[in-house]
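Given chain R, work out where chains C and B should sit, using these hints.
Residue numbers (our numbering), protein chains in the order written: chain R, 1 to 317; chain C, 1001 to 1439; chain B, 2001 to 2298.
No wet-lab data here; the hints were simulated from the structure.
Straight-line Cα separation of at most 25 Å, DMTMM-like style, residue types lysine to aspartate or glutamate; simulated pairs:
| # | chain 1 | residue 1 | chain 2 | residue 2 |
| --- | --- | --- | --- | --- |
| 1 | B | Lys-2057 | R | Glu-236 |
| 2 | C | Lys-1344 | C | Glu-1278 |
| 3 | C | Lys-1177 | C | Glu-1010 |
| 4 | R | Lys-70 | R | Glu-203 |
| 5 | B | Lys-2066 | R | Glu-203 |
| 6 | C | Lys-1305 | R | Glu-282 |
| 7 | B | Lys-2085 | B | Glu-2053 |
| 8 | C | Lys-1174 | C | Asp-1015 |
| 9 | B | Lys-2234 | R | Glu-63 |
| 10 | B | Lys-2103 | R | Glu-60 |
| 11 | B | Lys-2203 | R | Glu-264 |
| 12 | R | Lys-70 | B | Asp-2075 |
| 13 | R | Lys-218 | R | Glu-197 |
| 14 | B | Lys-2058 | R | Glu-309 |
| 15 | B | Lys-2243 | R | Glu-270 |
| 16 | B | Lys-2076 | B | Asp-2107 |
| 17 | C | Lys-1202 | C | Glu-1427 |
The structure presented is a predicted model; accordingly, all values stated were derived computationally and were not measured.
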Amino acid sequence: MSCNCGGNDCSKNSRRDFLVTSLLATAALAGCSDKKNPFIPEDEVVPSGEKVKLLSVDGEIIEIDKAFLKPVPDLPHLSNSEERKGIPGKKFVMVIDLARCKNLRKCQEACNHMHHVHPGQNWIKVLGMEDSDHTAPYWQPTTCMHCDEPPCVKVCPVDATFKRQDGIVLIDSDRCIGCRFCMAACPYSTRVFNWEEPVLPKEVADQHYSCETSLPQKKGTVGKCDFCPDMTRKGELPHCVSACPNGVFFFGDMNEDTVTNGAETFRFSELIRDKAGYRLMEDLGTKPRVYYLPPVNRNFPYQSGLENEKPEEKTKN
Amino acid sequence: MENIAAFSNEQITRDLLPQKFGRRGMIWTGILVLLCLTGAYAYYRQLKYGLVVTSMRDYVSWGIYISNFVFFVAISLVGSLITAIFRLANVKWSTPLTRIAEIIAVSAIVFASLIIIVDMGRPERFMNLFLHGRIQSPIMWDVIVIGTYFFISCLLLYFPLLPDLKILIAFKEKSGKALNKLYRFQGSFWKGTKEQFQISDKAINILCIIIVPVAFCIHTVTSWLFATTYRPGWDSTNFGAYFISGAFLVGAGGVVVAMYIFRKSYHLEKYITEKHFEKMGRIVVLLALLYLYFNINEYLIPAFKMKKPEEAHLTQLFTGEFAALFWFAISIGMIIPILILLFKKGRRPLPVFIAGIMVVIGAWFKRYLIVTPTLLHPFLPMQNVPESYHHYFPSWEEWAIAIGSLSGALLVITFFARIYPIIPIHEIITEQHEEAEKK
Amino acid sequence: MKKLKKNKLLLLFLVFTSMISNTVVGQDSIVAKEIVKLQYFNRNNSLQYLILESILKKGKQIEPQKSKAFKIFLDKDQPENLVAKVMTDDNGKAKAIIPPQLKSIWDSAEQHNFLVVAEASGKEGETPSEFTIRKAKISIDTSSADGTKNISVTVMKYKNGEWLAAKDVEMKIGVQRLGGILPAGESDSYTTDSTGIATSEFKKDSLPGNEYGDLMLVARVEDNDELGNLIVEKPVPWGVVTKTDNGFFNQRALWSTRFRTPLWLLFMAYTIVIGVWGTIIYLVVQLVKIKKIANSTA
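Isolated chain R, as found in the complex (with noise of 0.2 Å):
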């Protein structure tokens, strides 16, 4: 990736220079004190370089750059090195409420069809879980685990699956083989494999790849679920974390020490601790950035997901 790297200085740097720009942009708008916003406004975009005059709230005119008319950001392109690279001074982390969970698969179809996942395959698995026969039955949404060990990657011969500084395991299609140790080495069988020809929308078949939307997916690539960082880098929420209707799903920035379902933000430190959170196979030593919240004082009895139940799909096995 050496030759990359005069390119990719270049990207960064225009990038730096846009969030400086737009920043003090809003800064001036707002009225703030000039001190440095360290936080992403929500509504940041890129600076088209034209301005556009409008009406503020006290009748004044002001001047304001011309892409913000876009209701959601368009972000630059990014280089294959700068997605590989991942966001920076960010560190992905998300805690599933088993509490809340009664199989809606609401997350689950919403990561299909924004992935694009083969039908019958699902990088986000709702799994109806009783550990033992006395024990209390429960459903687990499980997702990657963007483990900060991850069995996946360690075996990867050709750096296609990897690591970010963000903290998320993503895959590059482009780069894929499809040998498949990847799926044999990880513990979660989260990863799925692209059998055959991904059946695409066109525009979706025809835009660019990139590494952060996982599309076009590719044949005899694997897939899995990528934490949606098409989203968050737009400062907004992954899929299947907006689309749950009971807010099973929260996600947030470690380095914020924060975590929201969108509708609740909590102190992630602090939910893990009176939740008492815990990570799946942690004896197997691979640190996942997923967290579960115990199925403790639960909304929904077990039995109410069961008629969500898929009858192709048996449950037990």
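Leaving out everything else, chains C and B in the frame of chain R:
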């Protein structure tokens, strides 16, 4: 070599020169070519439609391609056993078997690499292994070590072939123009001078030493493809030794089978004698006992503890879905051959041959049982997937490709025996002289 | 089950076609309903904008309407009152600002109606969707005394020609975080009292801030019936200095990229490979030697 001692050099050379295919040879080759072509067609379909033509799915992500790969790697270990270890130990009787063992090793390692490419979802990106290779991955270790082993095996095949090439060149009228050209290209520089022999003997000695650790490596690294994961049935520190012992067994079995077939079809009774079968029988018994020991170790110890993930796996093997196949592989691959070969009567050519076939077949299914059942017992329950993801039975394409690759390996051996003397002529002659001098 | 899947596909197809033609295709049992939502945003009492969302509701299913054109008017459905022509994006959303030429209309009233009309609907006299907002102000203030830090947020609305305290306005007060607002105190939301003030104690001790230890305080009124969405931000030095540490990412580990292979592994790999291939090369050289001998004897 007492019974060879009676023959003159000319007699030996005439006996051992490669012969044209007979009618049987033509039929045999024809069938193999046909099977290879079927495999090639199946692979064409796989390239066109993707790995969806196989029965592999997200849980069973490795199927018979990988078990076939492990089988090939295993059988290729024999080259180092017969050639190197015996040579280093100064075991003379194995000389007629060395080339058989080496060509089995070379063709098996070639098809091991091919089958692993077949298993790749993106074979056209094979070069990524070199462009973006990551030394942390056991696959990279395997790529390096298989490449190395292939090269060393080729050298070990080539060096002892040089004196034979000289003989072959001399018999121009028998081999025909095209083959003679090939022989000349490969060995015209061999004059058989003392100096040349000195260098060659030294080189062969070095090769014999270096091939042993490399051969151990290919099989250990292959076992690490499994043992570096957490899965029940694979998560074992014992795996390297377990695989090597199994590889020695199947390799020896393979050599026994090849010996018998070559002996019959090329009428080599004078060179591959009952004594060879007797001795190889003893070796197979020893290796089968060793492999049985590792098997007991590998299954009894986890079964004693019955940790939860292991339990699902082991009960499926012992009494569940895979029980029939498991006990079949254990008995045909180890127990019955041991029972046959323990007795002196069992170590005559035909029973040894039958035991060898059993060992090879048992070994193939054993590899299947190492790969697939484990994948059907993941840590988290198999849910939210179509029903077909819960099972695995190879599709016709997989069978065709697996059988095609096996036929391909046999085809390579067949053609090799057509072109080159399958028993080293020169070495037999020298040994005969040595014998004579001793007397 | 297959049949059901087929039906699903059919349904999707229907939704798709209905989006293209901009007509509502009703199935026998499920009647699709078009819903247009317009939200008014006021950021830091200065920047204001509108977000329009167009969705198609079919039974329980909600689909965003892509690439649909709308006109937004201020107060009256007249060309001179046009705020913007917008086109929804893939999420069915569009954003609009109020152009300077509407200044006189904007200044003339303390309460405004936004009218949304779907363009090219082909239907004459379609009643526009109406959304009303009243002009409002929001401000945030902080104070520290005896080790407790307090945040007070004041909301005022413009009524009868003067700025009055806005009572019973619900809001979130907290720290801006990725995707949400971390409540500053114990409660999730706060309501203004009769003086239009909501207060919260800042209780998040040693919360990580940026590299200077700054936090961004936010007060946010969401979807208020009268006032719309009001947001105000204020940076405060109440956090803990957080330095980003990429030591973890940059270490040489088994999971690192090929450029950060552990040294011991590199050493081992290279030693073995060089040792073995050195020998192989030596052997090849021997072969060449044998060849040379042949040439010299000949």
